[in-house]
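S.K.: So you can see what is in the structure, the chains are spelled out below.
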Amino acid sequence: MTTTRSMRQIRAIINRNKLSEYIFSIVGLLSMLIGIVTLLALIFDLVSDGAPRLSWDFFTSFPSRRAANAGILSAWVGSLLVMLVTASVAIPIGIASGIYLEEYAQKNWLADLIEINVTNLAGVPSIIYGLLALGLFVYGFNLGPSVVTAGLTLALLVLPVVIVTTREALRAIPNSIREAAYATGASKWQMIWDHVLPYATGSILTGIIVALARAIGETAPLITIGALTFIAFLPDSPIKGEFPFISFSWLLAPFTVIPIQMFDWVSRPQEAFQVNAAAAGIVLIAMTLAMNAIAIYLRYRLRKTIKW
Amino acid sequence: MIGAKPTRLSPKLLRNLRERAIEFVLFLAALSSVATTIAIVAILVYESILFFQKVSIWEFLTDTQWTPLFDDKHYGIWPLVSGTLVTTVVALLVAIPLGTIIAIYLSEFAPPIVREVIKPILELLAGIPTVVYGYFALLFVTPLLQVILPELPGFNMLSAGLVIGIMIIPYVSSLSEDAMRAVPAHLREGSYATGATRLQTALRVVVPASISGISAAYILGISRAVGETMIVAIAAGGQPNLTWNPMEPAATMTAYIVAVSLGDLPHGTLEYETIFAVGLTLVLMTLVFNIIGHFLTKRYREIY
Chain A
1167 MTTTRSMRQI
1177 RAIINRNKLS
1187 EYIFSIVGLL
1197 SMLIGIVTLL
1207 ALIFDLVSDG
1217 APRLSWDFFT
1227 SFPSRRAANA
1237 GILSAWVGSL
1247 LVMLVTASVA
1257 IPIGIASGIY
1267 LEEYAQKNWL
1277 ADLIEINVTN
1287 LAGVPSIIYG
1297 LLALGLFVYG
1307 FNLGPSVVTA
1317 GLTLALLVLP
1327 VVIVTTREAL
1337 RAIPNSIREA
1347 AYATGASKWQ
1357 MIWDHVLPYA
1367 TGSILTGIIV
1377 ALARAIGETA
1387 PLITIGALTF
1397 IAFLPDSPIK
1407 GEFPFISFSW
1417 LLAPFTVIPI
1427 QMFDWVSRPQ
1437 EAFQVNAAAA
1447 GIVLIAMTLA
1457 MNAIAIYLRY
1467 RLRKTIKW
Chain B
396 MIGAKPTRLS
406 PKLLRNLRER
416 AIEFVLFLAA
426 LSSVATTIAI
436 VAILVYESIL
446 FFQKVSIWEF
456 LTDTQWTPLF
466 DDKHYGIWPL
476 VSGTLVTTVV
486 ALLVAIPLGT
496 IIAIYLSEFA
506 PPIVREVIKP
516 ILELLAGIPT
526 VVYGYFALLF
536 VTPLLQVILP
546 ELPGFNMLSA
556 GLVIGIMIIP
566 YVSSLSEDAM
576 RAVPAHLREG
586 SYATGATRLQ
596 TALRVVVPAS
606 ISGISAAYIL
616 GISRAVGETM
626 IVAIAAGGQP
636 NLTWNPMEPA
646 ATMTAYIVAV
656 SLGDLPHGTL
666 EYETIFAVGL
676 TLVLMTLVFN
686 IIGHFLTKRY
696 REIY
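Protein chains in written order, with the numbering used here: chain A, 1167 to 1474; chain B, 396 to 699.
Errors might be hidden in some of the hints.
[Unchecked claim] EDC-like mimics (lysine to aspartate or glutamate), calculated; alpha carbons at most 20 Å apart, straight line: (1) B:K449 with B:E584; (2) A:K1354 with B:E414; (3) B:K468 with B:E584; (4) A:K1470 with B:E511; (5) B:K693 with B:D573; (6) B:K693 with A:D1278; (7) B:K449 with B:D467; (8) B:K514 with B:D573; (9) A:K1470 with A:E1334; (10) A:K1354 with B:E418; (11) A:K1354 with A:E1269; (12) B:K407 with B:E418; (13) B:K468 with B:E454; (14) B:K693 with A:E1269; (15) B:K468 with B:D458; (16) A:K1273 with B:E418; (17) B:K468 with B:E666; (18) A:K1354 with A:E1268; (19) A:K1184 with B:E584.
[To be verified] Here are the computed distance ranges between Cβ atoms for each label pair: (20) A:A1456 with B:V509: 23 to 31 Å; (21) B:A577 with A:E1187: 18 to 26 Å; (22) B:E666 with A:A1352: 52 to 60 Å; (23) A:N1274 with B:F465: 35 to 43 Å; (24) A:T1285 with B:K407: 37 to 45 Å; (25) A:Y1348 with B:P661: 56 to 64 Å; (26) A:I1179 with B:H581: 19 to 27 Å; (27) A:Q1356 with B:H581: 39 to 47 Å.
Keep in mind the hints are simulated off the structure, nothing from the lab. In this text, a Cβ means the ideal position worked out from N, Cα and C, and glycines have one as well.
Given these sequences and hints, build the entire structure.
M.R.: In structure tokens form, the structure reads like this:
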């Protein structure tokens, strides 16, 4: 080799390689910077546009035709109620399916079908869930564009996320825990309920927070079911002063949510409404970023503390 | 159970029954996802059949105008398809190069601490509500672009596509990075042993070895871009427009569904059925991408 290539040529090749390594490192850092700078620009843009509108009144006023008086009362109450329905449907069904697929399912065509299906559902555009809900819940079951329809729509939408994270959480539990439980005479369900699930709770919780953070920001499927953009009243309170103290009439009430309220404001030409949109955006982004941050923190802590 | 009264149902049988019941309930929960899929397909197909009884498939596939809400009604899907494809292509031109470079950098170059910090920050990009991105595209990115391109209209597919691209970077980068990290270390070591640099190892060993995972990440990115709704509904304008120029305003399939849903749509009318026909087209399009991706993945899968 030394006869065909002198030391100088080899040095030149090494230097060229070093240079390309160096250039790639810079390009890589710049690429990440583009993402991070965009994120920061988005947050600063929202905050600088909308922060002046954020006040106590903004949270306690109904939307109004006069931008300066408009607030997000009906929107955040609506978001809260819809999330209540979404969580109480998606969490039990999602965890139960995750447990079935990971702990019970035999290797057969049905389990494969469910498995492929969950993966595919995660890739279905969210607006298609809106069409499903429009055909099935709004007109099929005659639930109308109500809180319960919205909650069910978002529950179906985030179900794959809950199922997948539950399965991953269960898979991370070593088999020795299962075998130890069986060795003491526990049944399969006792093993899962008393031993495996408690260890998996942290990771499952992370998945649930991510799923709900996604649901809270979803707009398109809720517009598709026919949610109104202007709601100047609140649904019936779920808690009553007199017997039986709990009421479910809010489930069928019309509603709006923060993303829809923001969309309504941003599509108006007047600048004053766009300031409101920015303020609603701050609220929305604060909620979703906080939830995502909690999930990331939980994941980080769980990975650090658990040593099997 | 010594001393307990003998009952017809022994504890063992009871326990077995309970176990069976629990397994059955869990099974039903798992079936709910299959039921969802069946319901989606059934509803899209049912309403679309009603639509195609009134509008011929030929017109749907050949007409170059989509104006179901005007007096002069046309039902050609192409303007919506072109809008969807243009915004998707713009988005992918941003997301695929950036996402892939970030993945290679994080997986092969970055020190662990950088990866631990940067990856979750980038993932936040995917967590921001799309309606907020729509606001950002319309009121920040478009004015910024207009400084460089003064003729750019207020509504355009370019800024919508760029912002979708930024949004889907983490889908591409995180999944690709996971795939690259799963490549066994001995492949890298073999490459280094022949004198290859980190960049050469990354591009000629790690990327080819993880190509199936990387293409899965691309497919997910494409699905997200095709199905993205609020960004285009806000920033691209709502007029169906048969054009391949990203500087023009246009409507995508998803934006059309949103625009129509905002009005009061009477159930059972032709306008009501159009959104299901558009929805079915959208699902078929994502399905085609998924199938292509599946075969590409199979074709190029490396076995090690």
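S.K.: Report the numbers of all earlier hints that the structure fails to satisfy, in ascending order.
M.R.: 1, 3, 14, 23
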